[in-house]
Structures are given as C-alpha cells and as structure tokens.
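2 protein chains.
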Amino acid sequence: MFENINIQSNVAVYIQIKNHSLFAVASGGLKAGERLPSINDLAKKLDVNQNTVAKGYRELESMGITRSRRGMGVFINQGVEAKVVDECRRRILSHLHEVVAEAKAANLSAQEIKQVCTKSFALDAPLYGETPDAILALARTKNG
Amino acid sequence: MFENINIQSNVAVYIQIKNHSLFAVASGGLKAGERLPSINDLAKKLDVNQNTVAKGYRELESMGITRSRRGMGVFINQGVEAKVVDECRRRILSHLHEVVAEAKAANLSAQEIKQVCTKSFALDAPLYGETPDAILALARTKNG
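Here the protein sequences line up with chains A and B, keeping their order.
Everything in the first sequence is counted per the working numbering, starting at 68 for the first residue and increasing by one.
Everything in the second sequence is counted per the working numbering, starting at 68 for the first residue and increasing by one.
Check the hints yourself; a few may be wrong.
Any copy will do: because identical chains look the same in the list, a pair fits if it lies in one copy or spans two.
[To be verified] Here are the computed lysine-lysine pairs in the DSS-like style, where the Cα-Cα straight-line distance is at most 30 angstroms:
no.: 1; residue 1: Lys122; residue 2: Lys186
no.: 2; residue 1: Lys111; residue 2: Lys186
no.: 3; residue 1: Lys181; residue 2: Lys85
no.: 4; residue 1: Lys181; residue 2: Lys98
no.: 5; residue 1: Lys186; residue 2: Lys85
no.: 6; residue 1: Lys150; residue 2: Lys181
If you are wondering where the hints come from, they were derived from the structure by calculation, not from laboratory data.
These numbers were taken from a predicted model, which means no experiment stands behind them.
The following block holds chain A by itself, in its conformation from the complex (with noise of 0.2 angstroms):
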C-alpha cells in the first residue's frame, strides 16, 4: 500500500505515510486488525531513514488509529474507521476550500475550478506525484 510514496514530493515522507494509511483505512483498503509494515521493512523499501517512518507511525498511533505490540508490530485499532473517515473528510474539505479560495483571489473561474477537478479526478494519478500535464496543460493561457 505505500507503493506511491514519493520521496522527491514536496509533501514530507512521514506525512505521506501517515496520509496514506489514513485514506487507505477511510476507503476500506485497511481494516481494523490489519498490521502495517514493519518499520524496518518500509524504510528500506521506501530508502529513506527508519525515524522517518516511526514518525508517521507515531502519528498514527498519537491520533489513536494504531497501537503497537512489542515484537509484534503495528496494528489497525478496532473501530476506528468512522472516525478516521470524518477526519480525512474533514482535512480534505478544509483543503480544498483554501485552495478554492486561492484559486478565486487568483480570478480562476468556478467552471475552470470544476474542470480541473473532473479531468483530475479521471486521471489515475499517484498521490503526491508530479503534476500530470494534462493538469499543467490547463494552466496554460495565451500568455503561457
């Protein structure tokens, strides 16, 4: 599940990891009792430091999502899923408004902001990866 981590984003390492065990519990991809990678495992798949991922770990577990069993790993709590979807609804809706708004200060219409979501939402883009261009390709304008 952490296949998409990219570690060139400008969106920190462990908050990916902490993004994307979120999304994946609030989808269904993870589930209560389902244990994460080892942080051992992940770092070295990831190449990057092991506190990179213990502090996305910790994260998780500070936000009650986690527990860790010594020498066992860490786990999925039970019952943690209704919450862990109103929180991720409620970071993204929060998201999206502010960049809504950036978008009206900056004079983007309503309709070009509705666009823009439709053609992204169709694309199968990873997370945190690089701007498609079909998404740059929007912003062009005759200036571009």
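Starting from the known structure of chain A, arrange chain B on it as the hints suggest.
The following block gives chain B in isolation, referenced to the frame of chain A:
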C-alpha cells in the same frame, strides 16, 4: 490589500504575504508601478516581526515580480502580469490536483468534490481563514 492576512493560519505569514501579492497582481488589483506597503508599516499593521514581512517581499523580488528602490519602497515591476498569471495558475492547479487525488484516495466522489468547490466559491470567505462552517457541515457523514 493585506487586510486578510491571518496570523493564526497554518500557512506561514510570509507565504501569505507573497501569495496575496501574487493573486492581487494576477487579478488586476495590484498593477505595475504600484508600491507595496513599507516593511515597517506592514509589520506594525499585522503585528508581526519585520523579518517576516521582509522574507515575503524577498521572495517576490527573487521571482522578479518586484523591485526595491532604496529610500522609495518596493514596486511591482513593469510587464510582469502575464508571468504572474501563468505562475499562479500553475501553482493553483497543481495544488488543486493534489487535493483531488487525496479526496479520491479517501473515497470521496467526483460529484461531492465539485459540490464543495461550488459552495466554497460562492462563500466570501477570507483567504487562509478558518474553514467556514458551511464547508465543515459537508464533511460530516452519518458517523460525525
């Protein structure tokens, strides 16, 4: 033009100063040859450190958007409008794409994303302010 800078936001104040300036140029509210407030005045008005304002202004200057004239102030350069429009559009569309990818990963529908955009656009919410209740209400599911 910096009335809505929000020092409680999780967007750094110098970034807000930079973005407010860019969006104002992109939307025609701030024109070539016009002067930004002095660092001292803006720092006082926002009740932030002068270094914070200076950092925002430095970013604009390093992008080639402004020029500072000793003893005169900081001015928007001639002929930068098209460049600023393109730069703003590119950043905003990348940002929008990222949020849509998050929303999709967390199982929101395209329809729902567009509904939030429409509602957000219709609100006259300040940039980088708290997320309006009308948006947070859309985040609530039957769980919330």
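Now the hints, each set against the structure:
1. Lys122 to Lys186: Close neither inside one copy (34 angstroms) nor across copies (36 angstroms); limit 30 angstroms.
2. Lys111 to Lys186: Neither. Shortest intra-copy (35 angstroms) and inter-copy (44 angstroms) distances fail the 30 angstroms Cα cut-off.
3. Lys181 to Lys85: Answer is both; intra-copy 28 angstroms and inter-copy 26 angstroms each pass.
4. Lys181 to Lys98: Between copies only: 28 angstroms across chains, 32 angstroms inside a chain, cut-off 30 angstroms.
5. Lys186 to Lys85: Answer is both: 26 angstroms inside a copy and 28 angstroms across each meet the 30 angstroms cutoff.
6. Lys150 to Lys181: both (28 angstroms within a copy, 24 angstroms between copies)
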